[in-house]
Amino acid sequence: MASNSCKSKVLLNVLSYLDYKTGKFIIVGSKRVGSLYRVIQLSIIGYLVGYVFLSKKSYQTKEESIQSTVMTKLKGVAVTNTSEFGRMVWGPVDYVIPPQGEAVFFIVTNFIETPNQKLGHCAESPNVPDGHCKGDEDCAEGELVVAGHGVRTGRCLRDNGKSNGTCEIYSWCPVERRCQPQHKHTNMLREAENFTIYIKNVIRFPKFSFSKANVQDTADKFHLKKCRYDEALEPYCPIFRLGDIVNQTGHSFQDMALKGGLIGILIGWECDLDRDPSECQPRYDFTHIDVNVSRESSGFNFRHARYFKTGSGESYRTHFKVFGIRINIMVHGKAGKFCIIPTIIHIGSGLACIGGGAWFCDWILLYLMKNREFYKDWKFENVKKYEAEVKDMPERDATHSGHEERERNCRRFSSSLFN
Amino acid sequence: MASNSCKSKVLLNVLSYLDYKTGKFIIVGSKRVGSLYRVIQLSIIGYLVGYVFLSKKSYQTKEESIQSTVMTKLKGVAVTNTSEFGRMVWGPVDYVIPPQGEAVFFIVTNFIETPNQKLGHCAESPNVPDGHCKGDEDCAEGELVVAGHGVRTGRCLRDNGKSNGTCEIYSWCPVERRCQPQHKHTNMLREAENFTIYIKNVIRFPKFSFSKANVQDTADKFHLKKCRYDEALEPYCPIFRLGDIVNQTGHSFQDMALKGGLIGILIGWECDLDRDPSECQPRYDFTHIDVNVSRESSGFNFRHARYFKTGSGESYRTHFKVFGIRINIMVHGKAGKFCIIPTIIHIGSGLACIGGGAWFCDWILLYLMKNREFYKDWKFENVKKYEAEVKDMPERDATHSGHEERERNCRRFSSSLFN
Amino acid sequence: MASNSCKSKVLLNVLSYLDYKTGKFIIVGSKRVGSLYRVIQLSIIGYLVGYVFLSKKSYQTKEESIQSTVMTKLKGVAVTNTSEFGRMVWGPVDYVIPPQGEAVFFIVTNFIETPNQKLGHCAESPNVPDGHCKGDEDCAEGELVVAGHGVRTGRCLRDNGKSNGTCEIYSWCPVERRCQPQHKHTNMLREAENFTIYIKNVIRFPKFSFSKANVQDTADKFHLKKCRYDEALEPYCPIFRLGDIVNQTGHSFQDMALKGGLIGILIGWECDLDRDPSECQPRYDFTHIDVNVSRESSGFNFRHARYFKTGSGESYRTHFKVFGIRINIMVHGKAGKFCIIPTIIHIGSGLACIGGGAWFCDWILLYLMKNREFYKDWKFENVKKYEAEVKDMPERDATHSGHEERERNCRRFSSSLFN
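These protein sequence lines map, in sequence, to chains A, B and C.
For the first sequence, full-length UniProt numbering begins at 1 and goes up steadily by one.
For the second sequence, full-length UniProt numbering begins at 1 and goes up steadily by one.
For the third sequence, full-length UniProt numbering begins at 1 and goes up steadily by one.
With the rest of the complex left out, here is chain A (with noise of 0.2 Å):
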């Protein structure tokens, strides 16, 4: 026997790192801790297997920074015919500001137009509150006026009999007359409805190096000419019409033709790189972006000038207030692509959630159960009696008890065969 432990205990010694270590267990009848356990192990294996890694790919390294091109050209004739300067024609040319075909443009649906201003002298727009005045006192000479067109000449021009009228100033004259648009404004694009839009995006992750373009490379190129958007039946045309992108915002055009307002077209793409890319298709959204906070701020507009010369060489204009709709362009997108990082990171922490479970049932079957002494018991075994005891012999060093316990292993296992 004692031979016999010597030799394993030299190839302890020698192959001790390849014999092979596992924890002793105690099997215990209690089923409802059994059962609570297998719940526990199956809920987390369902939601690793079901939620996280079926329903939320997330076996995937995700690319969620997208680089986009966008280009943008539109077609289209519109005709204004309006008492004081006759019929005008619109094209591409006069509604898109600015014209290059940015993803960022705006669409001329209405304007208010005022022709040959010069540098010089003329009454403060009544609608400038703080051009008001009751008498020269009121417009010093020099002051501007706070969001009006000049600077004060130090007059105040008021039509004989009215008790005040406003400051004369020295600006672009005349200045603009600032009236809100109505329907009946001869001036509007009506037409503008019928514009179309042709989008080119390309986008490209630059994680995965992977680019694609919103337009197929289908061989009828003649079709791409002809096709107009619609979610169901041309959900990848690229070419959209005004008035059906504003409809779909749930707006009316005319409406917003007149006054102006903010687009977004949103263009999504949910790349599944494991898959073909030709399932990785954009998705277009359209949303009327907008904060009706004051009649003021809602809609869009903004002002610009065509500068002119004489012969004689002085400068005049021709001021726009233009209204319109301006749309904005956004891409976003993300790319999925296997990854085994995210994948053991999953695993990992969902094993281990298990171990957390049994936890929990060791904490319910030795705190919470009837007999949970008998447990605690048979769970534990108390070696500290004995360690006090290998402390107290000086001649018998801590390996002979070793020795002893595999000596009483012998036996014990003999025991049990022989008799």
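Keep in mind that the hints were calculated from the coordinates and are not lab data.
This list has only true hints and no planted wrong ones.
Chain copies aren't distinguished; within one or between two, either way the pair holds.
The calculated lysine to any residue pairs, modelled on SDA-like cross-linking and capped at a C-alpha distance of 20 Å, are:
1) LYS212 - GLU279
2) LYS162 - VAL128
3) LYS75 - PRO126
4) LYS118 - TYR170
5) LYS118 - THR310
Given chain A's structure and the hints, the job is docking chains B and C onto it.
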């Protein structure tokens, strides 16, 4: 003994929380399972240290949303010499649209000019399919020409003898000659090849509030003015020659100059903020963004106009169809900095997976090995039947069996000591 | 007994899966290892709860890619009074480039005007290094002046007596006077300090499809028109005074107005979507974006021109070199919302690390403690030799030894009961 057990019991209750409980293991000789376990253990550790931490730097928290400001400035002059308009000199003011140095801008390299357009009546361009007519009935008055230039007047203009012509329209006349650009065009800006683009890019990673510019703070300011970007020699020079950029995308400049094109300049920032900030440098890439679907949509061009007024106040304009290179500067990048959270996550899930490995080895040991039953008996101590018996004896409560257990341990130990 | 074991065996096979298996532990007296383990346990739990969950909110899934629309509107008037061109009034139409209210725009604060440029012959500006000449041979006809204004005609223009001059060029003449702006300049828009910028910003987090605007939906619309942003008093007012913005960046307005500069307005959104949306508010920061490398590239300016035609149809233009403040509104932000996945990950890896701690303590116990051998003997039950013997006896298969084992347990237990 009993008193001893009492003492230890008291001790237990008091300091039991500082007792160290460690799992009991059995050592199994099976070298196969043992080595398998070691292999699993080592491969996981190797993966964790080698791949996750060293190669992927997953101990860092990453920031992928980059803030960037781009400012551009072009230099260079070109001369065009057209039969009709004579020699023209083009400076940045003329060929850069918009001129204010943005990240997306257009460089005119070729153009079709239609001077002196006035609102009036003229024949629609024959290139507009919708404009053709056989008789006046095809040109219903007031109807717009789809994708055309104006509104029909009701007359169909035909060269005498010809059976069909185009409708007369009210529009800016004369309408643009829709000729495709040819190489012989004399109004190409051939010198555009030598234009230089100075790009100033300042980025910021909000999460780390770290910012950096692509322009070195070198003492040698003079060098900065003279240098030209070169992938090999001058990778950090922020001045680019337009011709070089186009060539880098694998295209001939003169071809692209003719019909125009979209070019993306990708500025990539990969910053390891655990290292010295000076190591965080931009990388420039040049790509030709194109979806050459139909001849129509290949290349890049747009139209714009300059408005004038005659002495008598009548409006007229010069209409340009400009072909050219639209440059889109896209900045992307990510920064990483050590962070405890991801580190813990990876270590934790790594450990958990090792645990999973052990579970797998147990499974092999207990279900596949030859003497699995033997292992089962040693690994699992079945205490169920004693449970049963404990339940059967009401007069002795669970704790006693616990007491007994401790007693037994003593006897077992002492006997092992003194024989 | 045997029958008993049989019953239990049957039971095992049937319900064994609902038996609860729990690891067998030994309790060791070593308070040092015990406390060490507790410390590790508590510190990991503390880190997890305190740092990861409470402080870092890692129980949330984060969205960092934000969609944003910005719309800007400027108000204010300025007057310049130059000897040559007299008094000029500047409204937003004149000083905002581009005028259509984008997120990146330029405000003219100073300018150098070169009126009435015509295509023709004149001397190259002496500021262009490449334009200098000693004789006609230096001005090869048809050669472009690098970084200059036109094409050489072949003549070298020198003031009589002077040894060197500049080449005559064909260009827009007269060429711009390359004078650096000085403070005494009378054509600075000094009142620009009081211009106000109204910023409307609507953001959206696609992942949570949550959107919000920086403009409060307060009833008090009037207040919105009157308020001015102030970090302390009016942190949510969307109207900014240009002077304040510049001062916030730590610069004097008049200095920056002179030579121009790039200013970034950072709008930061930090949204905890587990809270009330009203708590998700923008934060405004102002930064002076600059890489002051060479005097050349400091400040900000660009050139643009207005084109005119004479009665006879000859083109001429007014050339502007405008200095000013380019404002770049950058929107960034992130939103977080509770999500089970990251929560599980953190809990899981935390638990795993506690396990790692136990492993570490075991290591100390078994390799560093004084009576490590004793611990080893109790922790590890070496069953190898019995394995060997099992293999030696073909006639009795492994299961029997298992049977024996169970028998032994019974005896062990009953004896413990009845003595």
